[in-house]
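**Q** Going down the list, the protein sequences come from chains A and B. Quick note, the first sequence lines up with residues 1 to 283 if you use our numbering. Quick note, the second sequence lines up with residues 284 to 741 if you use our numbering.
Take the hints with a grain of salt, since some may be wrong.
Unchecked claim - Simulated pairs of lysine-lysine, DSS-like, Cα-Cα distance not exceeding 30 angstroms: (1) A:107 to B:689; (2) B:674 to B:653; (3) B:421 to A:239; (4) A:107 to B:653; (5) B:660 to B:680; (6) B:674 to B:689; (7) B:673 to A:107.
As the list claims (entries may be wrong) - Covered stretches of chain B (chain A as the covering partner; in silico rule of three or more C-beta atoms under 8 angstroms from a C-beta of chain A): (8) 300-309; (9) 315-322; (10) 329-339; (11) 385-395; (12) 657-665.
In short, the hints are calculated from the structure, not lab data. All C-beta atoms, glycine included, are put in the ideal place defined by N, C-alpha and C.
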Amino acid sequence: MEEKRTRVYQCEDSLTGILTAVAAAYRSRYGHRYIRLELREAEENLTLFSDYIPIAPDEAEAKRVYRAAGEAIGAEGLRWIENAALSTFADRSEEIYRFLIRGFANKNNILSCVADPHVARMYEIDRAVTNDACRWTELLRFQTVTGDVLEELSLPEDRALRRNRTEEELLIARIRPKHRVLPRILPHFADRYHGERFLIYDEAHEMTGIYLQARGWTILTGEAMKNSQIEHIFSALNKDERQMRELWKIFYQATEIPERENKALQRNVLPLWTREYLCEFSA
Amino acid sequence: MVIGEKLTIEEKLRILGDAAKYDVACTSSGTDRSGSGFSMGNAVQAGLCHTFSADGRCISLLKILMTNECIYQCKYCVNRAENDIVRATFTPEEVARLTIGFYRRNYIEGLFLSSGVYPTPQAAAERMLLAVRLLRTKYGFGGYIHIKSIPGADEATLTELGWLADRMSVNLELPTADSLRALAPNKTRKSLLSPMRFIQNGIRRDHQEPLLLPDKKQETGALVSSAPQYLRPRDAMKHFVPAGQSTQMIIGATPESDYQIMSVTESLYQRFSLKRVFFSSFINVNQDADLPNPVGRALLDREHRLYQADFLLRYYRFSVDELLSPERPDFNLLVDPKCDYALRHLELFPMEINRASYADLLRVPGIGVKSAQRIVKARRTCILDFPDLKKIGVVLKRAVYFITCKGRMQYPIRLTEDNLTNYLIDEEKRKELSGERLTYRQLSLFDYGRETNTRLSM
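Full structure from sequences and hints, please.
**A** Take a look at the structure:
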């Protein structure tokens, strides 16, 4: 029997995009063996004897897959898929696809089938994203600025956003996570500082999360903040801010026990690359 | 005594942060609380570590003393009355402002407040209460608060503190009553255990469980109807000390063995329902002639072994008598307590991963609670092999000597205590002990007292 040509479904880099491509793969009845899912922006080499089919994201189609997946693999399985879509691993679309095939075929206990290489990989991805989110929940540092900073940003012309551009204080923070963890950490901070207004900027992925009290949080992707603005905004420290940083450094130094010094352990739990925005390590 | 009347907040923070650093507990775990209902702040069950100091310890809470003035003369303490050091006292407003300022910037999870005893225990407790009340009411703070209870303060004050805090702790200070008498003349075993029982009963009352008698000899679980009922303050949290209580002991200042320390720890967990017992390696801050000057590294290694054993008690269903005995009173510094246990009970191993019960899996070195749970779940759907275990998170480096998958061990290994010990001794430890290769047996050139030689006195 003649082998079929491999089809590569090129999907958009989002959960909606990936799930739409999964739906398309199922609908085509071409056979999962002959289908691969790739991200449209992937920098991988094209293969010679494959057909490349771009898939446009379709909200309704993705929702249908999402709902069906929820029934098959449960809430935790859905979280795995969401986290995988937020990750920056190159194989995320393909792994979500393979994982869902197994989930739909074997509805019980798919999450504990670690002997399956694709389930094991999804488990690994989920852990990586969860740990990254946890790390940045801990290491994120806010600083206060006056609210007219919002004015300087090229934010979309949202009326509610503009109404909130006042002189009130605003908390801003920047992070550099490995994965796109912003949607995972924003709810935590929205709960913790629900009376505040804050902005978190993910430098690695150019995403900006904004929380404006009762309006809840939103995430803006792309060039919400221009690189030239960022340094300017974050380095302008007001008097209050300078004093708090000074106090924090004093406390940080006071709390160390010199007799127990163990820099290797410190580097182990707090790697150097994570210290970029921690004021206790800045000169 | 130098009294700093006009200290700035920076100087106070330097002095009182430094004075509090020997308190070990910096955990922010045990409570899950949403931020709604507060102006600011929530709590996360597992706790969060916001940074780590140069000694590798996590900084999760703003750990400070209310004051470092103290009327007590505990020989191990840097703040004892006779020491000539700068004394400082925070005002409640300063504590609240610092906490809020740091918390708002996500530097900390909350506040750890302790205090020197001055001028009386009651006055010290009241000053702490003012600060905590201010935080919870005026500032509407919903973050984590750990309060060091002051033995000797009024029960009504302690109760109110308990309703506002997440965790409370009373330091046991030293493992035995004799040591306490020798080093802390103002404290007695009873004066430390009764506030512990008081907090325990407060939690039990909140959970509507029968109360326990204060006298430790009559712990029959009887309901004590005569126990005074204190009113719940208006601005109380939902539960009384929701994250439970903890304590800490200084190790290395007095000659107790690991067996004694662990036995005390076990009974604290069982009889006082503590959440955590912390160990603090003794540092002779006062250069007191009555106290030893322990060598740093060896004592830190010992502390590490005690913590490992503490986890075995709390999560791995071990009892102290399985780990140590009066004849073998100290932990082996070369291998961890779990490996040590396995090496002395080779009759239990190798264990078949696909069949062993959950409780048995917990006894295998290299398999933790999470891995054991995952193994039990995973083997319902498939038969596990060594590569799968690696994916699950099992530390094969240690586990391979004690397990079989599908009836086979990964490598052919002679299962004798000496042989396995040789494999399991930490590479670094081995290098440290002698420049080159070292075998387990070389330690005893003359073949007497092999048992006692297993623990090295460095």
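**Q** Each hint should be assessed against the structure and marked as holding or not.
**A** Against the structure, the hints:
Note on residue 107 of chain A and residue 689 of chain B: the hinted pairing holds, with a Cα-Cα distance of about 26 angstroms set against a maximum of 30 angstroms. With a C-alpha separation of about 12 angstroms, the suggested pairing of residue 674 of chain B with residue 653 of chain B holds against the 30 angstroms cut-off. Distance hint between residue 421 of chain B and residue 239 of chain A is fulfilled; the C-alpha atoms sit about 24 angstroms from each other, no more than 30 angstroms. Distance restraint check for residue 107 of chain A and residue 653 of chain B: the Cα-Cα separation of roughly 23 angstroms lies within the 30 angstroms cut-off, and the hinted pair is therefore satisfied.
Between residue 660 of chain B and residue 680 of chain B the alpha-carbon distance is near 22 angstroms, which keeps this suggested pair within the 30 angstroms criterion. For the hint pairing residue 674 of chain B with residue 689 of chain B, the CA-to-CA distance comes to about 17 angstroms; that is within 30 angstroms, so the pair holds. Only pairs whose Cα atoms come within 30 angstroms are accepted, and residue 673 of chain B paired with residue 107 of chain A is accepted, the gap being roughly 25 angstroms. Only residues whose beta carbon comes within less than 8 angstroms of a beta carbon in chain A count, and the segment 300-309 of chain B has 5; three or more means the coverage holds.
Counting residues of the segment 315-322 of chain B whose C-beta lies closer than 8 angstroms to any C-beta of chain A gives 4; at least three are required, and the coverage claim holds. With 9 residues having a Cβ less than 8 angstroms from any Cβ of chain A, the segment 329-339 of chain B passes the three-residue criterion, so the hint holds. Interface restraint, the segment 385-395 of chain B with chain A: holds (5 residues with C-beta to C-beta distance below 8 angstroms; minimum three). For the segment 657-665 of chain B, the stated coverage by chain A holds: 6 residues have a C-beta nearer than 8 angstroms to a C-beta of that chain, and at least 3 were required.
In summary, this structure violates none of the numbered hints.
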